[in-house]
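Colleague: Protein sequences appear in the order of chains U and E.
Each residue of the first sequence is one higher than the one before, starting from -2 at the first, in the numbering used here.
Each residue of the second sequence is one higher than the one before, starting from 877 at the first, in the numbering used here.
Check before you lean on any hint, since a few could be wrong.
Example chain E residues on the side facing chain U (calculated, C-beta under 10 angstroms, incomplete) [stated by the list, open to error]: (1) L900; (2) P901; (3) V903; (4) Q906; (5) F920; (6) V923; (7) G948; (8) F958; (9) I1191; (10) L1194; (11) H1195.
Derived by calculation from the structure, the hints in this document are not laboratory data.
These numbers were taken from a predicted model, which means no experiment stands behind them.
Beta carbons: idealized from backbone N, C-alpha and C, even for Gly.
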Amino acid sequence: MAKFKHIPSPPLERGTIPWLLACAIATAAPHVGHLPLWTSLLAGLVLFWRTWLWRNNERLPARWLLGLLVFGGATGIALEFHTLFGRDTGVALLVLFMALKPMEMRTRRDAIVLVMLGFFLLLTHYFYSQSIPTGLWLLACTALLTATLIRIHGGAQPPIAVLRYAGLLLAQAMPVMLAAFLLFPRISGPLWGLPQDAYSGLTGLSNEMTPGSLNNLIQSGAIAFRARFAGETPARSRLYWRGPVFDDYDGHTWKPHQPFTRRPESPPEIDAGEKRFDYVITLEPHNMRWLLALDLPVALPPDSALTGTLVATAREPVRQRTRLAFTSAVDYHVNPQESTALLAQSLRLPPAINPRARTLADQWRREFITPERIANAVLSYFRSENFFYTLRPPLLEGDAVDDFLFNTRRGFCEHYASAFVFLMRAGGVPARVVTGYQGGELNPVDGYLVVRQSDAHAWAEIWVTGKGWLRVDPTAAVAPSRIERGIEAALPTADPLPALVRIDSDWLRSLRNRWEAVNNTWNQWVLGYNPQRQREVLSRLGLGEPDWRGMTAALAALCGLLLLAVTLWTLRQQCALSPEQKSWLRFCRRLARLGVVRANWEGPLDFATRVARERPELGKLVKQAAGHYADLRYGEGHPEDLRKLNNCLHHLAHLQAQHWRKPF
Amino acid sequence: MAILTGILAPFRQWLFRLGRDERLPVVLTQRRIFIIPTRIGVLFSIVLMVMLIGAINYNLSLGHALVFLLAGHGLVAMVHTFRNLIDLRLAPGRADPVFAGETAQFTVSLDNPRRHDRFALELAFGNHDGVSIDLPAGERVTADIPCPAPKRGRLNPGRITLSTRFPLGLFYAWSYPHPPLSCLVYPKPLETPLPQASAIASGEQQHSEPGHEDFSGLRLRQPNDSPRHIAWKAVARDFAHRPLLVKQFSGGTSEELWLDWTLTPDGKNTEMKLSLLAGWVLAAERQHLRYGLRLPDRELPPDQGPAHRDRCLEILALHGQI
Chain U
-2 MAKFKHIPSP
8 PLERGTIPWL
18 LACAIATAAP
28 HVGHLPLWTS
38 LLAGLVLFWR
48 TWLWRNNERL
58 PARWLLGLLV
68 FGGATGIALE
78 FHTLFGRDTG
88 VALLVLFMAL
98 KPMEMRTRRD
108 AIVLVMLGFF
118 LLLTHYFYSQ
128 SIPTGLWLLA
138 CTALLTATLI
148 RIHGGAQPPI
158 AVLRYAGLLL
168 AQAMPVMLAA
178 FLLFPRISGP
188 LWGLPQDAYS
198 GLTGLSNEMT
208 PGSLNNLIQS
218 GAIAFRARFA
228 GETPARSRLY
238 WRGPVFDDYD
248 GHTWKPHQPF
258 TRRPESPPEI
268 DAGEKRFDYV
278 ITLEPHNMRW
288 LLALDLPVAL
298 PPDSALTGTL
308 VATAREPVRQ
318 RTRLAFTSAV
328 DYHVNPQEST
338 ALLAQSLRLP
348 PAINPRARTL
358 ADQWRREFIT
368 PERIANAVLS
378 YFRSENFFYT
388 LRPPLLEGDA
398 VDDFLFNTRR
408 GFCEHYASAF
418 VFLMRAGGVP
428 ARVVTGYQGG
438 ELNPVDGYLV
448 VRQSDAHAWA
458 EIWVTGKGWL
468 RVDPTAAVAP
478 SRIERGIEAA
488 LPTADPLPAL
498 VRIDSDWLRS
508 LRNRWEAVNN
518 TWNQWVLGYN
528 PQRQREVLSR
538 LGLGEPDWRG
548 MTAALAALCG
558 LLLLAVTLWT
568 LRQQCALSPE
578 QKSWLRFCRR
588 LARLGVVRAN
598 WEGPLDFATR
608 VARERPELGK
618 LVKQAAGHYA
628 DLRYGEGHPE
638 DLRKLNNCLH
648 HLAHLQAQHW
658 RKPF
Chain E
877 MAILTGILAP
887 FRQWLFRLGR
897 DERLPVVLTQ
907 RRIFIIPTRI
917 GVLFSIVLMV
927 MLIGAINYNL
937 SLGHALVFLL
947 AGHGLVAMVH
957 TFRNLIDLRL
967 APGRADPVFA
977 GETAQFTVSL
987 DNPRRHDRFA
997 LELAFGNHDG
1007 VSIDLPAGER
1017 VTADIPCPAP
1027 KRGRLNPGRI
1037 TLSTRFPLGL
1047 FYAWSYPHPP
1057 LSCLVYPKPL
1067 ETPLPQASAI
1077 ASGEQQHSEP
1087 GHEDFSGLRL
1097 RQPNDSPRHI
1107 AWKAVARDFA
1117 HRPLLVKQFS
1127 GGTSEELWLD
1137 WTLTPDGKNT
1147 EMKLSLLAGW
1157 VLAAERQHLR
1167 YGLRLPDREL
1177 PPDQGPAHRD
1187 RCLEILALHG
1197 QI
């Protein structure tokens, strides 16, 4: 067997240092955005220092100094994050090590450790972004890291040659990657509990509502989810995406009375009507358990259910982009028989607040009697009085609903929904607040309906005996265009909105649509390639529904085939023949047809002498050709010689033609 | 253990085809190239495993892609490491004699008939240090492989280990070409004073042996001829085409030095005696003496010049060996 030489790792060449520094910078740099500033500065400073040492051929600092730096950096990180375990802490430590490792590079082994660290660091970028630019950047980094390995093991070569070789390896590794990506049996994680900070920074609807809480969300042009309808898309005014429902009011904040984890005692009673819509939602992660579905979902994806307040919830918080298939009805009647506890909850109000609103509601109750007519009275009140729809409402003081109804009269959907539900409850009608999204924009490029955080909305539901829950949108009474055309149409132009939401230029809009369509394809097929998607794809490829054994076997077979292809490409006999050799061999083949065969061992000049002796008529030509060839191959050949050699070849062809034409 | 060796030995014999290559040049075919992952390769696969677990745990789809891409690099690198050796042609060259204790340099020529460059080919004997060479496409390169020569005699360095870790260092591919190689190792010379020379005045011998007094002709210059004896006039006449000639003289007192086995101190072992004789040969040659060598079984008549010196040293090197 091969005996490994147990010799110390060879010392590092000076020429490899810039490669290694480039690796450290390229793999660590994108982390600057989410590291504490001092860590980035420290890492940058150390790398700069190392570059300076390299430029001036200085000695590396002593080990104790490095040890001190590592210890100090790690302590700083521990103090900054209050822990040494966790995702962000780990990333910060890795970046620190990556910056300090070049300081103790003496042998080849050190360099290889740095490259391996680089591979690992590449992975951590995906914690923060898996976008197309990140993917491309990391592809380039992979090429740089492999180029560094080639430089370490292959000795000094021009950088461009090293990079080209790395590119070749990358190109050949790509098919293997695709095969494994497609066929490697996917497991949905996590395998174990993730650190606390794993899902920080996810945005979405909140699990309570206070007037003003949606405002921040509305400012975001981020995509909340995408929907793709199997058939026609409902009219915009019917696109109410139902999210969390709140039925508990403390005078300031709306909350769910029962947590969304609770299953109802009896399933809801839904009369779905004729019209149904099938669609698939690609939900962006929001770290909550509720799902967003068109009001009202009648068929839910597996592992999800409706709560007592008709909120579709999943078994686990949504922590990754998830595809969910729903069927919804828009003309529905739900729960004409409702549990008394829930109805009682839907009437409950904190005592002795908002006296003026209560008085008003009492007056309407006596006047209009039925729930629908009371609701209409409230809506026409909103319409006829001087109410405004704005994203910048004044702060409400004291009794919030009274202040809003009789004083400020400026508000946003939550203000209207909140006031409406208060009035209805005070008027004896069971009512609750529903939050979610309203509307969405169809991307003509890929046909997906895009719903953004800026489409967040709040509306109300009232319960009418015999008819069940009915949706009432008080905002529509104040600003009908919000429902018809979206938020940018409903708001006064002075109100701040993210630039992405308010795009007037057509080409900018179409550019955004294209970019988002590309991103969506990326999300659907690359990032969203989960076990379920894998089954879909494989069965579409005609592989049936293979289990992990089948997939592993297919993967192994495919990888074997790919490897075989690369090997064959590699082993293809590639004898490098120079142009003069080619010409000379062709010349000899021609001669052989004329009956003069050159032996393998015969040199060109000897051969020419023999030909001159045996076939004097060919002697001169062969002598010329052999002379040029010998000059090219063994002497000081000149490009002119090659031309002359080829002339001899043509001349011979000419002779040959004459030879066959000659009558015998 | 003995049983295991008994089973393994024929297996190794079959696998590595231990034995000398008769056909030259030695062509490295698939059958002759072996490949295993290096420690770095093992480390790389462990890193990939950890990364894969991380990617699964955090549901990073691109993380999967990265791991698979790197795994693909590993597979492809295996082929490339193999490609770095395949179809190489190795032919043995000369090896200049050395003294025992020095390092012999075995020259081999490597031919790359293919259209791709080869890098970082390591050539070594056994566990000794080797050399590393690059071999561009379609070219021939010679390499001097060092091999320590501890003992006098014929040094047979055994098979060459031709290995490479290029491009990524994840795999180690090697082959054992075993062309006929040997190098003459002279005994390690021991510097001691020369024995007494004996003046010989036999007329017959005087006639033919060169001296310093009467000019007797010209001959081709040899490297350690004194510059004073060069026939400068003859050279100047036809400088372009004539090699350097030296004047030969005859007559004069000619001392003959017999470096005799029996002159070496008693009580020394054979190797020591041979070392002493080798030291004398070198010293005599340095002093431009005419010297002969007399061993119990061989005798070399007195002469001088590098060729004679080398003959003497060769006889000493091969003394007692076939």
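Colleague: For each hint, tell me whether it holds in the structure or not.
Modeller: Hint by hint, here is what the structure shows:
1. L900: 15 angstroms, violated
2. P901: 15 angstroms, violated
3. V903: Violated: closest Cβ of chain U sits about 12 angstroms from E:V903, beyond 10 angstroms.
4. Q906: Interface hint status for E:Q906: holds (8 angstroms vs cutoff 10 angstroms).
5. F920: Holds. Min distance 7 angstroms.
6. V923: The hint holds - E:V923 has a Cβ within 10 angstroms of chain U, the shortest such distance being about 5 angstroms.
7. G948: 3 angstroms, holds
8. F958: 7 angstroms, holds
9. I1191: Since chain U brings no Cβ nearer than about 37 angstroms to E:I1191, farther than 10 angstroms, the hint is violated.
10. L1194: Interface hint status for E:L1194: violated (32 angstroms vs cutoff 10 angstroms).
11. H1195: 34 angstroms, violated
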